[in-house]
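Q: Mapping to the working numbering: the sequence shown position 81 is 112, numbers consecutive.
Bear in mind the hints are in silico, worked out from the structure with no lab data behind them. One or more hints might be untrue.
[As the list claims (entries may be wrong)] FRET-style restraints, in silico, Cβ to Cβ:
#1 Ile50 <-> Trp97: 14 to 22 Å
#2 Phe132 <-> Trp57: 36 to 44 Å
#3 Ser135 <-> Ile66: 32 to 40 Å
#4 Leu52 <-> Arg137: 34 to 42 Å
#5 Ser107 <-> Ala141: 40 to 48 Å
#6 Gly59 <-> Ile118: 17 to 25 Å
#7 Ala136 <-> Asn47: 31 to 39 Å
#8 Ala121 <-> Ala46: 16 to 24 Å
#9 Ser135 <-> Gly56: 46 to 54 Å
#10 Val51 <-> Ser134: 51 to 59 Å
#11 Val74 <-> Ile129: 13 to 21 Å
In this text, a Cβ means the ideal position worked out from N, Cα and C, and glycines have one as well.
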Amino acid sequence: PFSIYLGWITVATVANACIVLYDAGWSGFGISAEIWAMLLVVVGLAITAFISLKLGDVAYGLVIVWAYIGIVVQQSDALLVAVAAGIGAAVAALLVVIAYFRSSARFRQATT
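Start from the sequences and build out the full structure, keeping to the hints where you can.
A: Below is the structure:
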């Protein structure tokens, strides 16, 4: 349960930071909102890679996949954001699969 909660806290933190910056009138250094969204997907994937692969946490990665799919559904009118989130969901799912097989291989090795 802690991993699931941590995953949602990560997603909420990134989303809330974006909202605060937008409300503060931050211009994003002249970079479009769509590009920032793509960059944040990459940041989320970097965090997911660390937690899923280094720590072997599959549940955390699944939450990120779920969140990115939610972004695809909610942002279908913003094609660039939806595509970035869709690719992010696919990459996060791949990270989850790798983490799962790594952790199950370690478990098998430890029990033999």
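Q: Are the hints correct? Go through all of them and say.
A: Comparing the hints with the structure gives:
1. The beta-carbon spacing between Ile50 and Trp97, approximately 20 Å, falls within the hinted interval of 14 to 22 Å.
2. Under the hint 36 to 44 Å, the C-beta atoms of Phe132 and Trp57, about 41 Å apart, fit the expected range.
3. At about 38 Å, the beta-carbon gap between Ser135 and Ile66 stays in the expected band of 32 to 40 Å.
4. Between Leu52 and Arg137 the CB atoms are about 40 Å apart, so this pair conforms to the stated range of 34 to 42 Å.
5. The hinted range of 40 to 48 Å is satisfied by Ser107 and Ala141, whose Cβ atoms lie roughly 45 Å apart.
6. Distance hint check: the CB atoms of Gly59 and Ile118 are about 21 Å apart, consistent with the given range 17 to 25 Å.
7. With their beta carbons about 37 Å apart, Ala136 and Asn47 fall inside the hinted range of 31 to 39 Å.
8. Look at Ala121 against Ala46: about 20 Å separates their beta carbons, and that is inside 16 to 24 Å.
9. Here the CB-CB span from Ser135 to Gly56 is close to 49 Å, well matched to the stated 46 to 54 Å.
10. Under the hint 51 to 59 Å, the C-beta atoms of Val51 and Ser134, about 36 Å apart, miss the expected range.
11. Checked against the hint of 13 to 21 Å, the pair Val74 and Ile129 passes, with Cβ atoms roughly 19 Å apart.
In terms of the numbered hints stated before, the structure departs from hint 10 and from no other.
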